[in-house]
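Colleague: Residue numbers (the working numbering), protein chains in the order written: chain A, 28 to 391; chain B, 14 to 526; chain C, -16 to 286.
By construction, these hints were calculated from the structure, which means they are not laboratory data.
All residues carry an ideal CB built from backbone N, CA and C; glycine is no exception.
Among the clues, some could well be false.
To be verified - For lysine-lysine, the following DSS-like pairs were computed, each having C-alpha atoms within a straight-line distance of at most 30 Å:
1. Lys204/B / Lys216/B
2. Lys267/C / Lys273/A
3. Lys344/B / Lys112/A
4. Lys385/B / Lys265/A
5. Lys392/B / Lys330/B
What the hints assert, rightly or not - Just so you have them, the derived chain A footprint on chain B, three or more residues with Cβ under 8 Å:
6. 150 to 157
7. 387 to 400
8. 470 to 484
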Amino acid sequence: MARWRIEKREKKSLGFVLMILLLSVASGLLVASIIFFLRGVNPWMALTKIFAGSFGSVYGWKETITKSIPLILIGSGLCIVFSAKFWNIGAEGQLLMGAVGATLFGLFLFPKLNPAILIPLMFLAGFIFGAIWGLIPALLKVKLKINETIVTLMLNYIAAEFILFLIYGPWKGKTQFGFPYTDNFAKSLYLKTFPESRVHIITLAIGIVFAIVCWFLLYKTKFGYEIRITGANPEAGKYSGIKTSKILIFGMLISGGLAGLAGAGEILGIHHRLCQPLTISSGYGFTAIIVAWLGNLNPILVVITSIFFGGLLVGGDAIKSSLGFPHATIEIFNGLILFFLLIGTFFIQYRIRLLNKNEKGIKS
Amino acid sequence: MNQKEKFFSLRARNISRCFGNIKANNSIDFSIEAGQIMALLGENGAGKTTFVRILSGLDQPDSGEILLNDQSVYFNSCRTAQKMGVGIIHQHFMLVQSMTVAENIALCDTDSSFIYSENKINDKMKKFEEEYGFFVNPNAKICQLSAGEQQRVEIIKALFRGTNVLILDEPTSVLTPQEADKLFVILQKMKNEGKAIVFISHKLREIMDYTDAVTVLRHGNLVGCRNVNDITQDDLISMMTGEKKVASIRKENVAVGENILKVASITVLDDRESKSIKNMSFEIKKNEIFGIAGIAGNGQRELVEAITGMRNVSSGKIFIYNEEVQNSTPKHVYSKGVAHIPEERIRFGIASGLKLFENTSIRNYEQRPYSKQSIMNYKAIKLKAQTIIEAFHVKTESVDTEIQNLSGGNMQKLIVGREMVDSPKLIVASHPTYGLDIASTKYIQQELLTKSKEGAGVLLISEDIDELMALSDRIAVVFRGELMGVLNREDVTIHKIGLLMAGEELSGENNNG
Amino acid sequence: MTWFVLIFGRFLVAGTPLLLGTIGEIYAEKAGNLNLGVEGMMAVGAISGFAFAHNTGNPWIGFILAGCMGGLLSLVHAFVTISLRANQVVSGLALTMFGVGLSGFIGNEYVGISLVPRFKNVAIPFLSEIPFVGEVLFTRSPVFYIAILLAVVFWYIMFRTKWGIIIRACGENPKTAESAGINVYRVQYTCVLIGGVCAGLAGAYISLYYIPTWIDGMIAGRGWIVIALVILSQWNSLKALFSCYLFGSIYVLQYALQGSFLNPTLLLMMPYLTAVTVLIVDSKKTLKYKTGSPTHLGEPYIK
Chain A
28 MARWRIEKRE
38 KKSLGFVLMI
48 LLLSVASGLL
58 VASIIFFLRG
68 VNPWMALTKI
78 FAGSFGSVYG
88 WKETITKSIP
98 LILIGSGLCI
108 VFSAKFWNIG
118 AEGQLLMGAV
128 GATLFGLFLF
138 PKLNPAILIP
148 LMFLAGFIFG
158 AIWGLIPALL
168 KVKLKINETI
178 VTLMLNYIAA
188 EFILFLIYGP
198 WKGKTQFGFP
208 YTDNFAKSLY
218 LKTFPESRVH
228 IITLAIGIVF
238 AIVCWFLLYK
248 TKFGYEIRIT
258 GANPEAGKYS
268 GIKTSKILIF
278 GMLISGGLAG
288 LAGAGEILGI
298 HHRLCQPLTI
308 SSGYGFTAII
318 VAWLGNLNPI
328 LVVITSIFFG
338 GLLVGGDAIK
348 SSLGFPHATI
358 EIFNGLILFF
368 LLIGTFFIQY
378 RIRLLNKNEK
388 GIKS
Chain B
14 MNQKEKFFSL
24 RARNISRCFG
34 NIKANNSIDF
44 SIEAGQIMAL
54 LGENGAGKTT
64 FVRILSGLDQ
74 PDSGEILLND
84 QSVYFNSCRT
94 AQKMGVGIIH
104 QHFMLVQSMT
114 VAENIALCDT
124 DSSFIYSENK
134 INDKMKKFEE
144 EYGFFVNPNA
154 KICQLSAGEQ
164 QRVEIIKALF
174 RGTNVLILDE
184 PTSVLTPQEA
194 DKLFVILQKM
204 KNEGKAIVFI
214 SHKLREIMDY
224 TDAVTVLRHG
234 NLVGCRNVND
244 ITQDDLISMM
254 TGEKKVASIR
264 KENVAVGENI
274 LKVASITVLD
284 DRESKSIKNM
294 SFEIKKNEIF
304 GIAGIAGNGQ
314 RELVEAITGM
324 RNVSSGKIFI
334 YNEEVQNSTP
344 KHVYSKGVAH
354 IPEERIRFGI
364 ASGLKLFENT
374 SIRNYEQRPY
384 SKQSIMNYKA
394 IKLKAQTIIE
404 AFHVKTESVD
414 TEIQNLSGGN
424 MQKLIVGREM
434 VDSPKLIVAS
444 HPTYGLDIAS
454 TKYIQQELLT
464 KSKEGAGVLL
474 ISEDIDELMA
484 LSDRIAVVFR
494 GELMGVLNRE
504 DVTIHKIGLL
514 MAGEELSGEN
524 NNG
Chain C
-16 MTWFVLIFGR
-6 FLVAGTPLLL
4 GTIGEIYAEK
14 AGNLNLGVEG
24 MMAVGAISGF
34 AFAHNTGNPW
44 IGFILAGCMG
54 GLLSLVHAFV
64 TISLRANQVV
74 SGLALTMFGV
84 GLSGFIGNEY
94 VGISLVPRFK
104 NVAIPFLSEI
114 PFVGEVLFTR
124 SPVFYIAILL
134 AVVFWYIMFR
144 TKWGIIIRAC
154 GENPKTAESA
164 GINVYRVQYT
174 CVLIGGVCAG
184 LAGAYISLYY
194 IPTWIDGMIA
204 GRGWIVIALV
214 ILSQWNSLKA
224 LFSCYLFGSI
234 YVLQYALQGS
244 FLNPTLLLMM
254 PYLTAVTVLI
264 VDSKKTLKYK
274 TGSPTHLGEP
284 YIK
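Please construct the entire structure, taking both the sequences and the accompanying hints into account.
Modeller: Set out below in structure tokens:
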């Protein structure tokens, strides 16, 4: 019988970590290629189509950037809570609630307001709604010690059903021929886009600013220091007198709020109304988890990984149009890359040591 | 050997086990025979737990062998050990709290049928209970039982499995004296049935009264195995604590000054809300090192947490320089000049995953120049970290190294440096040299002496009696949350401390508590 | 009367895949492993069931192989979370992403095909002749009977046999289970596998009977509802019978209630809302009311 022990790895250099991260992306692409191959699709061609679709043309780049906007916002926020080891998998719901908040302000509360005031107000409403949605699991964790993962997950679906309730019910548009959307926003509220693209510049700018802010917050401020101590070792946090509850609540306010901003941005910049949850977000809240993780919880790196995964999303459209496979095919890549990231994380933390004969002891 | 074969002896030869560069067990020999009760004695960190884990198959030795009935066996898991009749009862019981007694027994019963039948288990339980003279309600949930009852469930489990060698890890530490007496009646009956019993204990009287022989470990080494009839309690104390060495470090006598810390009849609750410190009072003066001896788990942790602001007191007061600090925050206490070297450095003292310099500011990051308003000044922190690693001889590539890459000794030097570099008024040091190599140990002890000479008061909590005797001006012994006595350095003997640690009164001797 | 039979029949049809998924996930969670990949495993189960049935002409082959595929996927999760101690939540999400993607990819060539070898309703002799009840309960697809039977058998094993004690011990206190000589890893692997097989079967039920055609994304979030239903059923497969069919009926009623006084989407919110409520009740952990949530759920066991 082979004898081995799993031991904590003591030395892990940044280079080693980066190599593992890159390796997991490569392995994900490799296994996906094998699946393509088994199905009789030339993997090289498929990969080329995907990446040509997203990075091979000006149009592709524009779409890629469009899709990476919400990822940047959510991913930056997730860096903060993940650093505190709070597993917020509810960004999807926080995004949707942000969209609800923006719609409430823009369509129902203050539709007459000057756009120069109303647009910022709608973003603010998005932030607040997302933050409140994020606050719920944080409070449940702090007050009742309820595991945040299930709660955040459930809140995703509660938010989605809530939007369906609104757009099929009280908020159903009168000018939409019975389709389940709200009425469109006033034209003056449509966000400016980059010429001939859907890149809503304001949200992109907000995203990049917040990525920098989050990086600054996490790596330059007292709050960020407290987050990282708490995440690294809550006992050490307690020893130094850091209040974990404060950390989690503020962290979730930011993380939820940024997801809410992303939601506001999506409907202001792209949809111009509240519509089906699946239309508002194509799983950004979940993809952002990979984005944050692959970015090593560094919001600046998250900008890069967001563009990569934004590109993958666009690549999904490309293989749909060129190879005829459904858009969901791209999730194969997401899933596999995430699996290999998990496997990679194991090898960052542990190493397997084979025991030599001396150490085996004597068998009976 | 299979279970049918009659058991007559269990031996271990040359057992060694290392964790990192610490030798938890160094070539230990051990032997027990059927119908024998053997105590395993040693201070904390002597390697007892590691040894019984190996003996019961929970851990595997790096080298050495185990012989059952003189045949070599290899326990690759506790399951193998159990099959061969070696079972262990842990200090923390291995019971599923939400299940009933009968279910817990069925879990371990190798004979029970696929369909769980409570009646069958009850019948079998009754048989054992009549044989050994005790009773447990099979339908009760474990969480409703007292510690003693839970322990009896563990014993029934072992009997169900046909255990021949029963190992108990500090079985009486959770029991009331009455329950402990009951336990020994049961163990005595098991012994008469031809079973072998190994138990870990610190309580010398128990060992003298109830065991046949005792094996003593110290610092991972075997000191010896003696027949209880041939020795006295004093012999055991000296075996356990080591022959009196001439201490290489010794505190000079210094005239002590004003009061720094005053603890006035505090009562502290532990996490389970039971009183772990009962109405305790003491004072520490300038230049004084006040040592607290005692077996771990007698309230030391809660005492330290109360003084350093991490835990509230339920009554009583704590003064630092005549200012009340009980029930405040760690940051407030720290700002009053109280340094805290926590026990279990990796668990409490450092944030592994972060860099070295980020770990040096963990206590004072809210003060200038380490942060201004809410912005961190990592440059200043790095500079400070550099000063600390130079002044306290921390071996590291740079201040940017990840903290977990440091060796245990260097990690502890860093913590000590972090706490002491700004000349604190009071140093609360909890097992500061636990598990360290000799050089680091000496270094840290020397630092404590230096600081006390410079005027700091030191509260030193340790299980290493040599260390306490070398460093302390006064030594108090804590037992079950109370100070059994406070001894001045000239009155201290290992014997007295040992007795107090075991919960005995010092009759007619100097006892100025 | 026939209208009632039809509606009740739809309730049972909608509830059955949820039941299959739920009773399997209960096993995984009771052993201490949270597998959020149910949606993905159901998706792969649905497509493989469909593809194998379509190509072999036998729905049973499709059904069984769908279970195998679901099991295979769950083993990936088991390996990553049990052997490699990875975060169970993230691994489950990865499994869902992968499974949903894979099902869409493989299912591409089956889009729009109406399945011929689908499950037919089977009338149980005698019982089916009871008026009303017989038609509703005893003239159903074979999978319905299997699901009900499994739910009962799973309950029996969990609460009345030694295996059940072992499984629960692994989820409550794996150290104790280990000390009792149980191979915790093996138990957890097995239970995750059971969960995967059940999820695969649940998916196949949808594509072989419920909606016997292939539509991309046809699982439509049922996997996530299963996660909520496990909590709602308080980790008890007899209670799951009740909660799954209750929710199955809500699922059906949403179409009937469209545009009526009661907004159906608020009903659809119920399983998630009640799941959160159960967790809140659970956090109080009074002895009087124990929900059965495994203490060690979601944490990797390190020997």
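Colleague: Okay, which hints does this one fail, numbers in order?
Modeller: 5, 6, 8
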